[in-house]
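6 protein chains.
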Amino acid sequence: MRVLPDDLLEYYIGPASDVYFQRAARTLEASGLDPVVTVEYFCDREGVLCGMNDVLEVLGRALGEGDEVWALPEGSPMAAREVVMRVRACYSRFGRLETAVLGMLASCSGWATAAREVVDAAAGTRVISYGARHVHPLVGPIMEYSATVGGCAGCATPLGAQLAGLPAPSGTMPHAMILIFGDTVEAALAFDRHMPEDVLRIVLVDTFKDEAEESLRVAAAMGERLRGVRLDTPWERGRVTIELVKEVRVRLDQAGHGQVGIFVSGGLSADRIREFVAADAPVDSYGVGMAISAAAPIGFTADIKEVDGMPRTKRGRLPGVALAPRLQRIR
Amino acid sequence: MRVLPDDLLEYYIGPASDVYFQRAARTLEASGLDPVVTVEYFCDREGVLCGMNDVLEVLGRALGEGDEVWALPEGSPMAAREVVMRVRACYSRFGRLETAVLGMLASCSGWATAAREVVDAAAGTRVISYGARHVHPLVGPIMEYSATVGGCAGCATPLGAQLAGLPAPSGTMPHAMILIFGDTVEAALAFDRHMPEDVLRIVLVDTFKDEAEESLRVAAAMGERLRGVRLDTPWERGRVTIELVKEVRVRLDQAGHGQVGIFVSGGLSADRIREFVAADAPVDSYGVGMAISAAAPIGFTADIKEVDGMPRTKRGRLPGVALAPRLQRIR
Amino acid sequence: MRVLPDDLLEYYIGPASDVYFQRAARTLEASGLDPVVTVEYFCDREGVLCGMNDVLEVLGRALGEGDEVWALPEGSPMAAREVVMRVRACYSRFGRLETAVLGMLASCSGWATAAREVVDAAAGTRVISYGARHVHPLVGPIMEYSATVGGCAGCATPLGAQLAGLPAPSGTMPHAMILIFGDTVEAALAFDRHMPEDVLRIVLVDTFKDEAEESLRVAAAMGERLRGVRLDTPWERGRVTIELVKEVRVRLDQAGHGQVGIFVSGGLSADRIREFVAADAPVDSYGVGMAISAAAPIGFTADIKEVDGMPRTKRGRLPGVALAPRLQRIR
Amino acid sequence: MRVLPDDLLEYYIGPASDVYFQRAARTLEASGLDPVVTVEYFCDREGVLCGMNDVLEVLGRALGEGDEVWALPEGSPMAAREVVMRVRACYSRFGRLETAVLGMLASCSGWATAAREVVDAAAGTRVISYGARHVHPLVGPIMEYSATVGGCAGCATPLGAQLAGLPAPSGTMPHAMILIFGDTVEAALAFDRHMPEDVLRIVLVDTFKDEAEESLRVAAAMGERLRGVRLDTPWERGRVTIELVKEVRVRLDQAGHGQVGIFVSGGLSADRIREFVAADAPVDSYGVGMAISAAAPIGFTADIKEVDGMPRTKRGRLPGVALAPRLQRIR
Amino acid sequence: MRVLPDDLLEYYIGPASDVYFQRAARTLEASGLDPVVTVEYFCDREGVLCGMNDVLEVLGRALGEGDEVWALPEGSPMAAREVVMRVRACYSRFGRLETAVLGMLASCSGWATAAREVVDAAAGTRVISYGARHVHPLVGPIMEYSATVGGCAGCATPLGAQLAGLPAPSGTMPHAMILIFGDTVEAALAFDRHMPEDVLRIVLVDTFKDEAEESLRVAAAMGERLRGVRLDTPWERGRVTIELVKEVRVRLDQAGHGQVGIFVSGGLSADRIREFVAADAPVDSYGVGMAISAAAPIGFTADIKEVDGMPRTKRGRLPGVALAPRLQRIR
Amino acid sequence: MRVLPDDLLEYYIGPASDVYFQRAARTLEASGLDPVVTVEYFCDREGVLCGMNDVLEVLGRALGEGDEVWALPEGSPMAAREVVMRVRACYSRFGRLETAVLGMLASCSGWATAAREVVDAAAGTRVISYGARHVHPLVGPIMEYSATVGGCAGCATPLGAQLAGLPAPSGTMPHAMILIFGDTVEAALAFDRHMPEDVLRIVLVDTFKDEAEESLRVAAAMGERLRGVRLDTPWERGRVTIELVKEVRVRLDQAGHGQVGIFVSGGLSADRIREFVAADAPVDSYGVGMAISAAAPIGFTADIKEVDGMPRTKRGRLPGVALAPRLQRIR
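Chain order of the listed sequences is A, B, C, D, E and F.
Numbering of the first sequence is given in my numbering, commencing with residue 1338 and proceeding in unit increments.
Numbering of the second sequence is given in my numbering, commencing with residue 1338 and proceeding in unit increments.
Numbering of the third sequence is given in my numbering, commencing with residue 1338 and proceeding in unit increments.
Numbering of the fourth sequence is given in my numbering, commencing with residue 1338 and proceeding in unit increments.
Numbering of the fifth sequence is given in my numbering, commencing with residue 1338 and proceeding in unit increments.
Numbering of the sixth sequence is given in my numbering, commencing with residue 1338 and proceeding in unit increments.
Since no wrong hints were added, every one of them can be taken at face value.
Between beta-carbon pairs, the in silico distance windows are:
1) F:1659 <-> B:1405: 53 to 63 Å
2) E:1463 <-> F:1532: 51 to 61 Å
3) C:1537 <-> D:1414: 36 to 46 Å
4) B:1537 <-> D:1659: 25 to 35 Å
5) B:1532 <-> D:1429: 48 to 58 Å
6) E:1560 <-> F:1648: 26 to 36 Å
Computed list of lysine to aspartate or glutamate pairs in EDC-like fashion (alpha-carbon distance at most 20 Å, straight line):
7) F:1651 <-> E:1569
8) C:1651 <-> D:1573
9) B:1583 <-> C:1573
10) B:1583 <-> B:1550
Source of the hints: derived by calculation from the structure; they are not laboratory data.
All residues carry an ideal CB built from backbone N, CA and C; glycine is no exception.
For reference, chain A alone in the conformation it holds in the complex:
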């Protein structure tokens, strides 16, 4: 993704572009029209801008000498209807990229904005995005990258971590592994035996037994090698409650395992995390899925505001360039 192959540009302006841009291009060309236009891109609600780096890379390939681009930096907060990018160039150079440009910004900003709300709710406790499983795998790692732009401290796929510039992806162990072993303690010991040292020993403790009981068994078996337990109680058992976290904390401490952290996951939303925070639940890390990965995209719109230097736009929009002092000149 970071290193954009030529054929991806072709893909964006061809098979992945709304067909009417191609028809417009052909009509304009046949009519001998290719004015310099100024196009402004704005969002339809407030949020965190994301996807701009990829957009600028794509545009960089498409535009030519003398063309101008202004933009807000990746990760900027943006107000509703704020202009986030302005391009001044011959229309033929970038007109057909509109679908791709808007789509990148829409998806990525939607994810980053949702992540920001969750991260703010967590009030300093680390949030890991693990929702790749809820989006198509072609964009799963991009969703994770966007979540880190919104403030997440980690994500689950190798490519996501690479895009986000993280040293490694985050992960504990799946229920499947424990089910195949048939016992949490056995699975935990095998995991500890075979994983490289840089993999954190965080054991999932809700597969077979009550979480508090299992936490104590695992801690007794692994001793100081245990770094944490993950509580992922299914909704059929009432999900992870604030009281469960507090009880596991007290029981671990009473048994001398104060070093074992508590990682919570399972249906967490910003609202639920706020409840945990308000109740001083002793959580070391939140794993968040749908609350980020299922975020609605943020709609972006591209409007021609000038044609050959003269203000012109469609009904309902203000002709001429908007006042947008936060934009930075890119080229």
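Since the structure of chain A is already known, use the hints to place chains B, C, D, E and F on it.
What follows is chains B, C, D, E and F alone, placed relative to chain A:
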């Protein structure tokens, strides 16, 4: 997408897969464990199943002789928590595909389900999905394919149309083209002059003038070659209202242009379409964006239900194979 | 109305008075009873007092020497259940006027109170009352007078303006006139040609074309003689929006017509005006109809509180004169 | 009102008419324009049409030979946005009457519609409108007439009764009379002594004592000459309750005064009357004020639909004559 | 309670009676007044009548020859404001019992009515009332008796069971016992060893371990002697969910313990039980506490309706005996 | 109640105790288990602690040498889930008392908490609890005692007053007495004649006549001996309104009876009292029934937290003794 390259399978089980599946795989292999497991996949809410064709193609590459798969067909309605697929195979063969399999089903079923609601609201009038601009371009055409599985009659990108098996993508003309021409009638005549005959002459009529006035101007200029007008009034002008559609219809008819259809777009949701239908608004086709493209994914879960033929699952789930008579044996 | 003819007093105590006051009068007279009574008049909810001037004129004709009247001045704010007038006189002199006195205060105070809310919402921008068309023509001008008591800067009928002490009524031009001309510019030029100079040239611009386009056409045709445009977009086109006002302002300014004001009308309420104000919409004047003219009357009640100087009243009310220091002695 | 003096027509087209109609008239005349126009009048919500008789009388004076009028009859139910009148004539003949025509229909239809709802709620029990005191005395009797068009069986002023074609206005006795007498029984006996026989003996029983006690005292004193008691308990004592009506009925019956009816008044609305009806409260007549007299007017609009026989109207409306088969040809 | 000691009557008319009844008694006696009065007792809302048996026993002791009593039977449904008892006797015989009589009916009918709602919700599954711990122990068993009048199949205290005519109280085992043993299986085996055979072996399974795991351990240890398991999951663990019941059922069945019933308790309300029933949760018995024991009392009122045979009552009530055909003559 | 008979202890641990405590006792005894346990008691919502004095008296009889008890004092405010008592003793000494202990705290704290809310609402005006008639007479006086713990200034039964340490119960006169006399003034004079001087002369004034009229009659008849009037208007007459209180106050004052207080009763809740207070209604005392007597109990729970000095508790609770610095050592 239909023709899956080998490296895409590698991508799915490697960089795009949650890292803990790889760690589980390594731990199990080092421990000499690779039982035959039965895994069931179910959705967390009701909807239209989509993405299954791609899933089965991916699994087809990964599984081996003797492995068994049951599934519901693409496009099936599914109840909340219904099992949509069952795989019985050695865990090592498909364990690491979980992220990709769930993600395909989640995104595609979310879009197809939203499309179904919109299409049902339209009560027989054609619905075109044009929301590729709201999702990352890597999945824009897949979103459009999913929308057609949910009942949409057309979509906007060439690849979307190809995936959906449609003869051609749908599209009218962008505001940008009309703005560059500077006059809707001129733009329409140029479009008519240069487009192949199989492209429908549907003219966007809200760029410069009141829609009713512009519709009559365009119809007068193009005569019988005009197939339709598109109303896409911006929200700054109150969006397309039921009354506008009726007025444009009456005025076109009074001027003898009964053959000109009316295509409506702009912020349409299932609720708004239901209002149009309830008021007998004379719409020939609806263009729908965010109401489909911004649909939340439907969460899917994969549960081990048997290990080496014995019922085993995690707390909260019922061990053993579920009763799922609608599943069809795939292999 | 200001100069009360004798027969209007006869009308008020006869055909327009609740018949039971005449029956009471006859019974009391036949019984030889005509004590001095003290009657207090109070409102059932807070608002702006209006109609008192007319009430005092009517009472002035009916009362005689030695009779006493206290009242709040026209336009006073009044609290819920506050006493607004007190009369001490022989009952026979004013008993039959109760229907008329209460009715004048009820209607006029209702309108003035609604106007006050609208005017407060406008936060300094002029409000014109043009709702005469929503009330019976016998009281249309009285409604307009009341609206100015509540703070409106102008009204639409000649008699309304006269009652309110305004130099002239306010008005632009009706859709009918433009429709008969068949073109807004033609109509505007004719209006300009034939109207005296003291009539403001404010042109209605939503009859045939989009308001922004029509505004520019009219401004180009009339130049500096154009004082303003009136936006009255029908609800079928989404009513006048904040964005429309801003766009028309920008386009007029870009074309060098900064002197042309914007007059907004059409279904305006205090709530909608507050939205315009909050969004800094560049409105020069609001035309308000139903939000003032359809105001519910404020109920007034007249209670005997003393009979021949002794406290006496009906169940539920406090006998004796109320503490009402804001009342002013009228006679 | 019924017999329209010439100067009232002058009043309607002059001082009571929105000034811009006069300006339009002058401009059109100076421009030599006076086409035959077709104007349609429609309401903005459903209700009972009222005021049409007066409108037709006014128009009758204004129009000339060859002019055409269609209308719905006085008292017709009308649907939202239904055309209630159509006039085809030279514009100069009736253009300036628009304010008056719309105002008559607006006020009168608002009152008639509210009355209809109250009367329907009463489910056959008589409803008397006594709200003249809540509207300006110039229109009090017109409000009462409108209430009878909506179904009321009586009203309180002599002129109201005359307009409604009733033999006499309805009324009992005011609190003032009883307060001056100082005792309800004394007042009742004096009333009985001095009123003509055709005035019903209905005595107000809540002035000094508990209503049940006073009812029995009055019935004992007047015997068979007592026709009814009026319960008008003030809100400070909890208003008239269903239980009070039942208790007074039982006590009167137990004391042998089965012939004495119960008349209820005081803050009655359609909702409260529905509660009385649902509880089988033994009420003989309801007196209703604000629920009718404070009704909001129903907005009416007049639209030119044809000019010189050609369809023409403003944006948002359908040009040409509407399908309105319920209209009756008046001239 | 069933066998009323003489001093309890003294208690009811003395220290437990509102003092003003004693003062009234003394005043009336000193004034030589002791008429025969007819008093009617009615409820202020609908429900199930309870406490009447005790009331009639108390009255039986107080009344004398010739006194008359009519009443509805214990357990009758009663409508809002329905007369449930009528006493005709000299006032001195029962006047001071009013506090006690109303209090018995109020508390008991409140409990019985709440129980009826819960029992109806359970749709045929047994409901046990175990809420004695939420009410003062002097009335705990009376609450339980009332719950059985409302339809409960069992209750927890010996006296409650005796009052209700049940062969034995219901109960499983408290958490305290298991905590002292330190292991659920050990506790269960000890219980089984030492309890008489007529005590059902129902074991509480949520003290130490996950309920499903513990159920299987207990069933394995006790075999066919195990009659049931009780799920009482604390709210800190999400309470008992429908899914937990289903999973425990499936796991017990898969392990061959189909004879083991499932008893659910913990914060159950009629609403929650309706959800269990709607979801076909395989529950054998519900234990309900607060939803019955915390029920608000139903207010009862006693009104004199006749004095010495003549209708007389206070303002607001209908004098004379009410029509109450469902009352049965008691004496 | 204060002086606990031995057999009441027997009643509490036998017939009034949940049977499973007896079964647990027998099982533990047969198994030779009787450890020292630490049990903590906590409430499920915030409120005013009441019943603790009785609980400590009961426990005092049951416990033996060396046993320890900590508790909050009677009347303490308590937070949700706060520990209000801790007992450390051999389980056999107090295990079977759990039902009684929890029940006393639950009922009494519920009533005291509701009383506190009402008393706070009255903002300094005296509140009398007269709701004994809404609870079973075995606990009526205990309810009244609890109400005084919550702040009530008086109660209605002799035993209630004795438990609360008040010099005498409060009471005026019942409607029944006035009905038997047939006239309020006669009843009041007889009451005055025959009651000891220390009984306040407060006369109920709503039985036969309007309250204002009757107040004046009674005041005229009794002169300075009249201490107060009680307004208890039935809901059929609209209950006591703020306006009624004000009117009665004004009329009494105008007639020179400024010393006569006003006592209000009838369906009063904390909300209604707040309205009276906000409106400065001149009330001297409020009589409150259901708002206190029908209060829901506050649930209390007893948890074993240590067994033989070691932390042990059930799932969901924190093992070991809670931090509860407000507890006071009782023994």
